[in-house]
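Chemist: Sequence:
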Amino acid sequence: MYSKEHVAPLVGGAAQQSDSSLSLAQKISGIFDEDSVLRVKENFEELKSLLSCYKCAILEVETKFNVLNERFSLDHERNPIETIKTRMKSPESIAEKLRRRNLPFNVNSLEQIHDIAGVRVICSFVDDIYMLADCLLKQDDIRLIEQKDYIAHPKENGYRSLHLIIEIPIFLENEKRLMKVEVQLRTIAMEFWANLEHKLRYKKNLPENIAEMTASELFECAEMSAQLDLKMQNVKNCIENS
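The working numbering puts the first residue of the sequence shown at 1, with every later residue one more than the last.
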(Lines of atoms letter the chains of each structure in order from A and count residues from 1; the text may use other names and numbers.)
(Lines give C-alpha, C1' and ligand atoms only; values in the text may rest on other atoms or scores of the structure.)
Protein backbone atom coordinates (compact mmCIF):
# COMPACT_ATOMS: atom_id res chain seq x y z
CA MET A 1 0.00 0.00 0.00
CA TYR A 2 1.06 3.58 -0.63
CA SER A 3 1.88 5.89 2.24
CA LYS A 4 3.60 9.25 2.52
CA GLU A 5 5.73 7.96 5.38
CA HIS A 6 6.48 4.46 4.11
CA VAL A 7 10.16 3.86 3.24
CA ALA A 8 12.27 0.82 2.57
CA PRO A 9 13.22 -1.12 5.71
CA LEU A 10 16.72 -1.71 4.30
CA VAL A 11 18.07 1.82 4.17
CA GLY A 12 19.20 2.14 7.80
CA GLY A 13 22.68 2.94 9.09
CA ALA A 14 25.72 0.70 8.78
CA ALA A 15 25.61 -0.10 12.48
CA GLN A 16 22.38 -2.00 11.84
CA GLN A 17 23.82 -4.17 9.09
CA SER A 18 24.04 -7.42 11.02
CA ASP A 19 20.55 -7.26 12.49
CA SER A 20 19.03 -5.94 9.25
CA SER A 21 20.62 -8.55 7.01
CA LEU A 22 19.49 -11.27 9.39
CA SER A 23 15.98 -9.80 9.43
CA LEU A 24 15.86 -9.71 5.64
CA ALA A 25 17.13 -13.29 5.42
CA GLN A 26 14.45 -14.36 7.88
CA LYS A 27 11.76 -12.60 5.87
CA ILE A 28 12.61 -14.45 2.65
CA SER A 29 13.58 -17.78 4.28
CA GLY A 30 10.13 -19.21 3.63
CA ILE A 31 10.22 -18.15 -0.03
CA PHE A 32 13.72 -19.07 -1.21
CA ASP A 33 16.16 -21.84 -0.41
CA GLU A 34 19.03 -21.61 2.07
CA ASP A 35 21.59 -20.63 -0.60
CA SER A 36 19.52 -17.58 -1.55
CA VAL A 37 19.25 -16.56 2.10
CA LEU A 38 23.04 -16.78 2.46
CA ARG A 39 23.52 -14.68 -0.69
CA VAL A 40 21.28 -11.99 0.78
CA LYS A 41 23.55 -11.78 3.84
CA GLU A 42 26.68 -11.70 1.69
CA ASN A 43 25.38 -8.97 -0.62
CA PHE A 44 23.52 -6.95 1.98
CA GLU A 45 25.45 -3.70 1.43
CA GLU A 46 24.85 -3.82 -2.33
CA LEU A 47 21.15 -4.54 -1.82
CA LYS A 48 20.87 -1.76 0.75
CA SER A 49 22.54 0.69 -1.65
CA LEU A 50 20.19 -0.23 -4.51
CA LEU A 51 17.07 0.18 -2.38
CA SER A 52 18.39 3.52 -1.18
CA CYS A 53 18.65 4.56 -4.83
CA TYR A 54 15.01 3.63 -5.36
CA LYS A 55 14.10 5.83 -2.41
CA CYS A 56 16.03 8.71 -3.99
CA ALA A 57 14.19 8.15 -7.28
CA ILE A 58 10.87 8.40 -5.44
CA LEU A 59 11.95 11.75 -4.00
CA GLU A 60 12.88 13.00 -7.48
CA VAL A 61 9.51 12.05 -8.98
CA GLU A 62 7.58 13.42 -6.03
CA THR A 63 9.40 16.74 -6.36
CA LYS A 64 8.57 16.94 -10.06
CA PHE A 65 4.87 16.57 -9.34
CA ASN A 66 5.00 19.11 -6.52
CA VAL A 67 6.59 21.61 -8.91
CA LEU A 68 3.95 20.95 -11.58
CA ASN A 69 1.21 21.37 -8.97
CA GLU A 70 2.64 24.68 -7.77
CA ARG A 71 3.13 26.13 -11.25
CA PHE A 72 -0.33 25.05 -12.42
CA SER A 73 -1.93 26.90 -9.50
CA LEU A 74 -0.37 30.19 -10.65
CA ASP A 75 -2.20 30.11 -13.98
CA HIS A 76 -5.43 28.35 -13.01
CA GLU A 77 -5.94 29.30 -9.35
CA ARG A 78 -6.37 25.69 -8.33
CA ASN A 79 -4.18 22.67 -7.69
CA PRO A 80 -4.70 19.62 -9.92
CA ILE A 81 -3.12 17.31 -7.32
CA GLU A 82 -5.00 16.41 -4.16
CA THR A 83 -2.44 14.03 -2.65
CA ILE A 84 0.86 12.35 -3.49
CA LYS A 85 1.56 8.97 -1.91
CA THR A 86 4.77 6.97 -2.13
CA ARG A 87 5.82 3.44 -1.31
CA MET A 88 8.70 1.00 -1.51
CA LYS A 89 7.85 -2.62 -2.21
CA SER A 90 8.52 -4.75 0.87
CA PRO A 91 11.34 -7.35 0.81
CA GLU A 92 8.72 -10.11 1.11
CA SER A 93 6.78 -8.80 -1.89
CA ILE A 94 9.96 -8.44 -3.92
CA ALA A 95 11.06 -11.95 -3.00
CA GLU A 96 7.68 -13.42 -3.88
CA LYS A 97 7.67 -11.69 -7.27
CA LEU A 98 11.17 -12.97 -8.00
CA ARG A 99 10.13 -16.48 -7.01
CA ARG A 100 7.17 -16.37 -9.42
CA ARG A 101 9.60 -15.39 -12.19
CA ASN A 102 12.13 -18.04 -11.15
CA LEU A 103 14.77 -15.39 -10.44
CA PRO A 104 17.25 -15.39 -7.52
CA PHE A 105 17.14 -12.69 -4.84
CA ASN A 106 20.07 -10.51 -5.95
CA VAL A 107 20.78 -7.05 -7.34
CA ASN A 108 20.62 -8.09 -11.00
CA SER A 109 17.20 -9.64 -10.48
CA LEU A 110 15.88 -6.62 -8.59
CA GLU A 111 16.70 -4.39 -11.53
CA GLN A 112 14.30 -6.47 -13.66
CA ILE A 113 11.36 -5.50 -11.42
CA HIS A 114 9.89 -2.16 -12.47
CA ASP A 115 7.55 -1.42 -9.56
CA ILE A 116 9.86 -1.56 -6.54
CA ALA A 117 9.53 2.23 -6.22
CA GLY A 118 6.04 3.67 -6.55
CA VAL A 119 4.47 7.12 -6.64
CA ARG A 120 0.69 7.56 -6.68
CA VAL A 121 -0.80 10.91 -7.65
CA ILE A 122 -4.43 11.58 -6.67
CA CYS A 123 -6.00 14.18 -8.95
CA SER A 124 -9.16 16.25 -8.81
CA PHE A 125 -10.43 15.52 -12.33
CA VAL A 126 -9.81 12.99 -15.08
CA ASP A 127 -8.32 15.56 -17.46
CA ASP A 128 -5.81 16.51 -14.73
CA ILE A 129 -4.45 12.97 -14.94
CA TYR A 130 -3.60 13.21 -18.62
CA MET A 131 -2.34 16.78 -18.31
CA LEU A 132 0.07 15.86 -15.50
CA ALA A 133 1.24 12.70 -17.25
CA ASP A 134 1.90 14.67 -20.43
CA CYS A 135 3.84 17.36 -18.55
CA LEU A 136 5.93 14.75 -16.76
CA LEU A 137 6.79 12.81 -19.91
CA LYS A 138 7.79 15.98 -21.77
CA GLN A 139 10.64 16.56 -19.33
CA ASP A 140 13.93 15.71 -20.98
CA ASP A 141 15.28 13.62 -18.10
CA ILE A 142 12.26 11.30 -18.06
CA ARG A 143 12.06 8.23 -20.29
CA LEU A 144 8.80 6.32 -20.64
CA ILE A 145 9.29 2.56 -20.38
CA GLU A 146 5.66 1.45 -20.40
CA GLN A 147 2.18 2.96 -20.21
CA LYS A 148 -1.09 1.23 -19.32
CA ASP A 149 -4.30 3.27 -19.51
CA TYR A 150 -6.83 1.55 -17.28
CA ILE A 151 -9.07 4.63 -17.50
CA ALA A 152 -9.71 4.29 -21.21
CA HIS A 153 -9.58 0.50 -20.87
CA PRO A 154 -10.62 -0.53 -17.31
CA LYS A 155 -9.69 -3.90 -15.90
CA GLU A 156 -12.38 -6.60 -15.80
CA ASN A 157 -13.12 -5.86 -12.14
CA GLY A 158 -13.71 -2.17 -12.88
CA TYR A 159 -10.30 -0.86 -11.75
CA ARG A 160 -9.31 2.47 -13.29
CA SER A 161 -5.97 4.29 -13.18
CA LEU A 162 -3.21 5.48 -15.49
CA HIS A 163 0.03 3.55 -14.95
CA LEU A 164 3.43 4.73 -16.15
CA ILE A 165 6.77 3.01 -15.77
CA ILE A 166 9.41 5.71 -16.13
CA GLU A 167 13.18 5.91 -15.90
CA ILE A 168 14.65 8.89 -14.06
CA PRO A 169 18.26 9.82 -13.23
CA ILE A 170 19.44 10.30 -9.67
CA PHE A 171 22.74 12.01 -8.90
CA LEU A 172 24.90 10.42 -6.21
CA GLU A 173 28.28 11.40 -4.79
CA ASN A 174 30.31 10.10 -7.72
CA GLU A 175 27.83 8.89 -10.30
CA LYS A 176 24.51 9.24 -12.06
CA ARG A 177 22.16 6.24 -11.94
CA LEU A 178 19.04 5.60 -13.97
CA MET A 179 16.21 4.23 -11.81
CA LYS A 180 12.77 2.91 -12.71
CA VAL A 181 9.67 4.15 -10.90
CA GLU A 182 6.03 3.14 -11.26
CA VAL A 183 3.71 6.16 -11.36
CA GLN A 184 -0.03 5.74 -10.87
CA LEU A 185 -2.41 8.63 -11.53
CA ARG A 186 -6.06 8.46 -10.53
CA THR A 187 -8.94 10.61 -9.35
CA ILE A 188 -10.29 10.80 -5.80
CA ALA A 189 -13.19 8.55 -6.82
CA MET A 190 -10.84 5.96 -8.39
CA GLU A 191 -8.67 5.98 -5.26
CA PHE A 192 -11.70 5.58 -2.98
CA TRP A 193 -12.96 2.57 -4.94
CA ALA A 194 -9.52 0.94 -5.29
CA ASN A 195 -8.73 1.21 -1.57
CA LEU A 196 -12.01 -0.35 -0.48
CA GLU A 197 -11.88 -3.00 -3.20
CA HIS A 198 -8.36 -3.94 -2.04
CA LYS A 199 -9.55 -4.40 1.55
CA LEU A 200 -12.59 -6.45 0.57
CA ARG A 201 -10.76 -8.58 -2.01
CA TYR A 202 -8.50 -10.06 0.66
CA LYS A 203 -11.34 -11.45 2.74
CA LYS A 204 -10.58 -15.17 2.90
CA ASN A 205 -12.75 -18.24 2.46
CA LEU A 206 -15.83 -16.54 1.06
CA PRO A 207 -18.47 -18.94 -0.33
CA GLU A 208 -18.43 -18.96 -4.12
CA ASN A 209 -21.87 -17.39 -4.46
CA ILE A 210 -20.93 -14.56 -2.08
CA ALA A 211 -17.64 -13.98 -3.89
CA GLU A 212 -19.46 -13.71 -7.24
CA MET A 213 -22.09 -11.38 -5.81
CA THR A 214 -19.54 -9.06 -4.21
CA ALA A 215 -17.46 -8.98 -7.40
CA SER A 216 -20.58 -7.91 -9.30
CA GLU A 217 -21.42 -5.27 -6.70
CA LEU A 218 -17.86 -3.93 -6.72
CA PHE A 219 -17.90 -3.68 -10.49
CA GLU A 220 -21.15 -1.73 -10.31
CA CYS A 221 -19.59 0.59 -7.73
CA ALA A 222 -16.65 1.16 -10.08
CA GLU A 223 -19.05 2.12 -12.86
CA MET A 224 -20.86 4.52 -10.53
CA SER A 225 -17.52 6.08 -9.54
CA ALA A 226 -16.66 6.53 -13.21
CA GLN A 227 -20.01 8.24 -13.81
CA LEU A 228 -19.34 10.54 -10.85
CA ASP A 229 -15.95 11.48 -12.34
CA LEU A 230 -17.63 12.21 -15.67
CA LYS A 231 -20.30 14.40 -14.07
CA MET A 232 -17.74 16.35 -12.04
CA GLN A 233 -15.62 16.81 -15.15
CA ASN A 234 -18.66 18.16 -17.03
CA VAL A 235 -19.44 20.59 -14.20
CA LYS A 236 -15.84 21.81 -14.23
CA ASN A 237 -15.87 22.28 -18.01
CA CYS A 238 -19.16 24.16 -17.82
CA ILE A 239 -17.79 26.56 -15.21
CA GLU A 240 -14.53 27.15 -17.07
CA ASN A 241 -16.31 27.76 -20.39
CA SER A 242 -18.90 30.15 -18.98
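Hints may contain errors.
[Stated by the list, open to error] Only pairs whose alpha carbons sit at most 30 Å apart, straight line, appear in this in silico DSBU-like list of lysine-lysine:
id, residue 1, residue 2
1, Lys231, Lys180
2, Lys199, Lys176
3, Lys148, Lys199
4, Lys97, Lys55
5, Lys176, Lys97
6, Lys236, Lys97
7, Lys176, Lys155
8, Lys180, Lys97
9, Lys199, Lys138
10, Lys89, Lys138
11, Lys89, Lys236
12, Lys148, Lys97
[What the hints assert, rightly or not] Across the chosen pairs, the derived CB separations fall in these ranges:
id, residue 1, residue 2, range
13, Glu45, Asp149, 21 to 27 Å
14, Glu240, Arg143, 17 to 23 Å
15, Leu137, Thr83, 27 to 33 Å
16, Glu82, Asn237, 17 to 23 Å
17, Leu178, Glu223, 37 to 43 Å
18, Leu200, Arg100, 21 to 27 Å
19, Leu200, Gln139, 18 to 24 Å
20, Met232, Arg143, 30 to 36 Å
21, Ile145, Cys221, 38 to 44 Å
Calculated directly from the structure, the hints in this document are not laboratory data.
A quick note: this is a predicted structure, and the numbers were derived from the prediction, not measured.
For glycine and all other residues, C-beta sits at the position ideal for the given N, C-alpha and C.
Chemist: Looking back at the hints listed earlier, which ones does the structure fail to meet?
Modeler: Failing hints, ascending: 1, 2, 6, 7, 9, 11, 13, 14, 15, 19, 21.
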